[in-house]
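Student: Chains C and W are the protein sequences, given in the same order.
So for the first sequence, the numbering used here puts the first residue at 1; every next one is plus one.
So for the second sequence, the numbering used here puts the first residue at 1; every next one is plus one.
Keep in mind the hints are simulated off the structure, nothing from the lab.
Just so you know, these numbers come straight off a predicted model, no measurement behind them.
Glycine residues also receive a C-beta, built at the ideal position from the N, C-alpha and C atoms.
Residues from chain C shown here face chain W by an in silico Cβ test under 7 Å; the list is partial:
1) Leu-225
2) Arg-229
3) Ala-264
Here are the computed distance ranges between Cβ atoms for each label pair:
4) W:Met-1 with C:Leu-219: 24 to 32 Å
5) W:Leu-2 with C:Val-31: 44 to 52 Å
6) W:Ala-341 with C:Val-31: 44 to 52 Å
7) W:Asp-239 with C:Ala-27: 55 to 63 Å
8) W:Gln-235 with C:Trp-152: 37 to 45 Å
9) C:Gly-26 with W:Gln-235: 57 to 65 Å
10) W:Met-1 with C:Ser-110: 21 to 29 Å
11) W:Val-9 with C:Ala-27: 39 to 47 Å
12) C:Gly-103 with W:Leu-2: 28 to 36 Å
13) C:Phe-220 with W:Ala-341: 46 to 54 Å
14) C:Glu-213 with W:Asn-335: 39 to 47 Å
15) C:Tyr-136 with W:Lys-304: 31 to 39 Å
16) W:Val-347 with C:Gly-36: 52 to 60 Å
17) C:Gly-36 with W:Lys-45: 49 to 57 Å
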Amino acid sequence: MKQMFRVAFDLLLEAARRKWFLALFGAITLVLVILGFSLQLEVVDGAIAGSKLFGSMLSKEIVSANRVMSGLFTVVAYLAFYGGAFFLALACSDFAPELLAPGRIEHLLSLPVARWQLLFGTFLGVVTLAALGSFYGAGGLTILLGVKTGIWNWNLLLGSAVGWVGFCALYSVMLTTNFFVRSAALSGALGVVTLILGVVASFRESISVAMSEGIGRTLFSWAMLPIPRLGTLATVAANLAGSLPNEPGMVGRLLGGCIIFSVALLSIAAWRFERKDF
Amino acid sequence: MLWLVLAAVLLGVGAWLMRGAEPPDRDPVEPVKLPTRMTRAEREKGEERRTWLPFIAPDAGVIAEPQRPRDPVLAVMPSEVKRGAVVAEFNAILNSELGGKLTDCLFGDGQDSFLQELRDAGMDPTSKIDRVAMIDDSVVVTGDFKNAQWKRFAPSGSDPVSKDYGRQGQIHEITRADGGTDVFATWGGQMFIAGGDEAELKQVLDRLEGSGPVGNPVVDESMAYGEVYGVVSSQPIADMVRKSDPQLASMIEQSAKSMQLHMDVGHDVGMVADVAPSNAATTDELRRSLGAALSLARMQAAAKGEKDQADILDLARVREAEAGGGFRLEAGLPNAFMSKALDECIVQRKQRAERNRSGVALDAGDED
Numbered sequence: 001m002k003q004m005f006r007v008a009f010d011l012l013l014e015a016a017r018r019k020w021f022l023a024l025f026g027a028i029t030l031v032l033v034i035l036g037f038s039l040q041l042e043v044v045d046g047a048i049a050g051s052k053l054f055g056s057m058l059s060k061e062i063v064s065a066n067r068v069m070s071g072l073f074t075v076v077a078y079l080a081f082y083g084g085a086f087f088l089a090l091a092c093s094d095f096a097p098e099l100l101a102p103g104r105i106e107h108l109l110s111l112p113v114a115r116w117q118l119l120f121g122t123f124l125g126v127v128t129l130a131a132l133g134s135f136y137g138a139g140g141l142t143i144l145l146g147v148k149t150g151i152w153n154w155n156l157l158l159g160s161a162v163g164w165v166g167f168c169a170l171y172s173v174m175l176t177t178n179f180f181v182r183s184a185a186l187s188g189a190l191g192v193v194t195l196i197l198g199v200v201a202s203f204r205e206s207i208s209v210a211m212s213e214g215i216g217r218t219l220f221s222w223a224m225l226p227i228p229r230l231g232t233l234a235t236v237a238a239n240l241a242g243s244l245p246n247e248p249g250m251v252g253r254l255l256g257g258c259i260i261f262s263v264a265l266l267s268i269a270a271w272r273f274e275r276k277d278f
Numbered sequence: 001m002l003w004l005v006l007a008a009v010l011l012g013v014g015a016w017l018m019r020g021a022e023p024p025d026r027d028p029v030e031p032v033k034l035p036t037r038m039t040r041a042e043r044e045k046g047e048e049r050r051t052w053l054p055f056i057a058p059d060a061g062v063i064a065e066p067q068r069p070r071d072p073v074l075a076v077m078p079s080e081v082k083r084g085a086v087v088a089e090f091n092a093i094l095n096s097e098l099g100g101k102l103t104d105c106l107f108g109d110g111q112d113s114f115l116q117e118l119r120d121a122g123m124d125p126t127s128k129i130d131r132v133a134m135i136d137d138s139v140v141v142t143g144d145f146k147n148a149q150w151k152r153f154a155p156s157g158s159d160p161v162s163k164d165y166g167r168q169g170q171i172h173e174i175t176r177a178d179g180g181t182d183v184f185a186t187w188g189g190q191m192f193i194a195g196g197d198e199a200e201l202k203q204v205l206d207r208l209e210g211s212g213p214v215g216n217p218v219v220d221e222s223m224a225y226g227e228v229y230g231v232v233s234s235q236p237i238a239d240m241v242r243k244s245d246p247q248l249a250s251m252i253e254q255s256a257k258s259m260q261l262h263m264d265v266g267h268d269v270g271m272v273a274d275v276a277p278s279n280a281a282t283t284d285e286l287r288r289s290l291g292a293a294l295s296l297a298r299m300q301a302a303a304k305g306e307k308d309q310a311d312i313l314d315l316a317r318v319r320e321a322e323a324g325g326g327f328r329l330e331a332g333l334p335n336a337f338m339s340k341a342l343d344e345c346i347v348q349r350k351q352r353a354e355r356n357r358s359g360v361a362l363d364a365g366d367e368d
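Let the sequences and hints guide you as you build the complete structure.
Tutor: Take a look at the structure:
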């Protein structure tokens with residue numbers, strides 16, 4: 001187990017040296033700093049009486065700060081879920097190909113690390129990186145608005161945690177792909193395809209009803225069954241962030257399903273990794 | 001191979017767990033309709049209501065100014081009010097979606113003796129009244145009162161006196177049991193005017209027939225939209241909130257001149273109130289204070305778990321006016337909320353009626 005965490009930690013060190021991730025954290029910081037300086041909120045007893053962005057009036061309406069934050073967090077959660085998943089699918093696509101690169105993999109296999117530990121350690125490293133990015137962004141925005149309005153609403157962190165579980169499912173597909181075809185491009189593309197399939201799977205029942213009865217409809221229904229419901233998960237994340245109600249049972253099933261899917265895909269990768277000669 | 005078996009089992013378990021987990025259906029929230037401008041139907045209705053009010057014969061040698069047809073209710077409006085002038089489209093409200101319940105809430109289920117007496121006197125409020133206007137201390141009711149038997153409501157022994165005034169007006173005087181007198185006026189079998197003394201009633205009739213001083217009415221045709229419309233001065237509003245918030249009351253007195261009010265009760269109840277400023281700076285302060293108060297009330301309601309109240313407060317808005325330095329206050333009561341409130345009102349009314357009936361029976365028993 002210790003070896004697995006060491007692999008994950010090594011991956012984080014490697015990520016820190018990459019420009020992509022520096023750019024990700026830099027961009028999040030820049031957005032927060034710009035918002036911090038340009039967003040002027042006039043708060044009276046918990047209500048936003050006036051708001052200006054870059055000196056222009058945003059709204060003439062007096063609304064409660066809580067309502068504004070809920071609306072803003074809902075939009076941010078959706079954007080972060082889809083935008084973050086897309087960006088990370090591309091940015092993380094070459095970790096696995098580099099791990100399996102000739103020369104490096106032989107070196108890693110010569111170390112006292114089990115293959116499954118190498119695999120799960122890589123996965124853990126990448127998803128930790130995604131967690132750091134999303135919590136940094138969500139936490140930063142929460143603190144910024146908390147300081148400006150005096151109201152501390154931590155729901156965006158919950159929303160981003162749900163979004164992170166969705167990314168785990170995406171990355172499990174990306175990582176597994178590399179044990180069959182070592183290609184960063186294919187890995188990234190399949191990550192995006194999984195995201196799209198995840199949205200389609202979310203509307204599986206509505207779509208299948210619209211399809212004409214027959215083998216096509218049955219195949220579609222069965223094929224979509226194991227795919228994580230990423231579209232629904234995005235809605236759940238946005239609802240959580242925006243303090244809107246969610247059905248707890250459904251949220252649990254979705255999160256559980258996503259985690260189980262990720263482990264299942266990693267098991268396929270482990271099976272392939274154990275059998276592969278380098 | 002163990003890994004593959006594990007993967008297959010996990011995929012199966014995951015699929016089973018996620019089945020049917022589609023995005024939750026959420027009923028779209030229908031916005032409460034707010035009366036922000038006059039609709040075509042309201043404009044047409046206003047045109048239909050214009051009446052050629054009686055022409056006052058000029059003195060010899062004086063050329064009479066041609067008069068245009070006017071809505072009788074708007075014609076009685078003075079150019080200034082102390083407290084306010086508000087018109088309610090009584091018939092339209094009673095015939096709206098909520099009208100049935102409102103009628104039961106106001107008048108009971110027809111067993112009410114006062115309602116029955118009104119009906120017997122040809123003054124059924126559910127079918128004979130068109131509009132009700134409150135102008136300071138006066139009440140103006142329009143409708144079909146051609147066959148109304150006013151005298152049935154005079155105290156026994158009193159001898160009501162009626163005298164003609166103007167072209168179609170009549171002033172009625174009734175002696176009360178305590179020796180004092182009550183006066184009210186009627187006009188052309190379609191208007192009932194009460195409140196104030198004889199001189200004030202005459203002023204109202206003069207305005208109606210165009211024989212009094214002419215000024216800009218406080219409520220004109222351009223304001224006649226929504227089921228309730230009119231102008232309320234800042235004083236009664238300040239008096240209303242003084243007990244709970246004296247600071248807000250004094251701010252209202254200092255900052256707001258008057259408030260133009262429009263309410264729509266077609267389906268939900270939507271209210272728009274345009275506040276006219278008396279001082280631009282303090283009016284802006286009032287706008288912010290009201291917005292903050294609404295927001296605070298919403299948060300408190302949400303914190304206490306009073307969801308209905310929080311949802312209603314959520315519909316309330318304070319907007320800065322496009323021009324003029326005033327602001328607009330918007331509020332809405334959804335149909336479901338109003339329906340529930342009226343149901344409670346009907347139940348309470350029935351319980352009151354039951355109590356009254358049993359009280360009367362008990363009194364009768366005591367007498368026996």
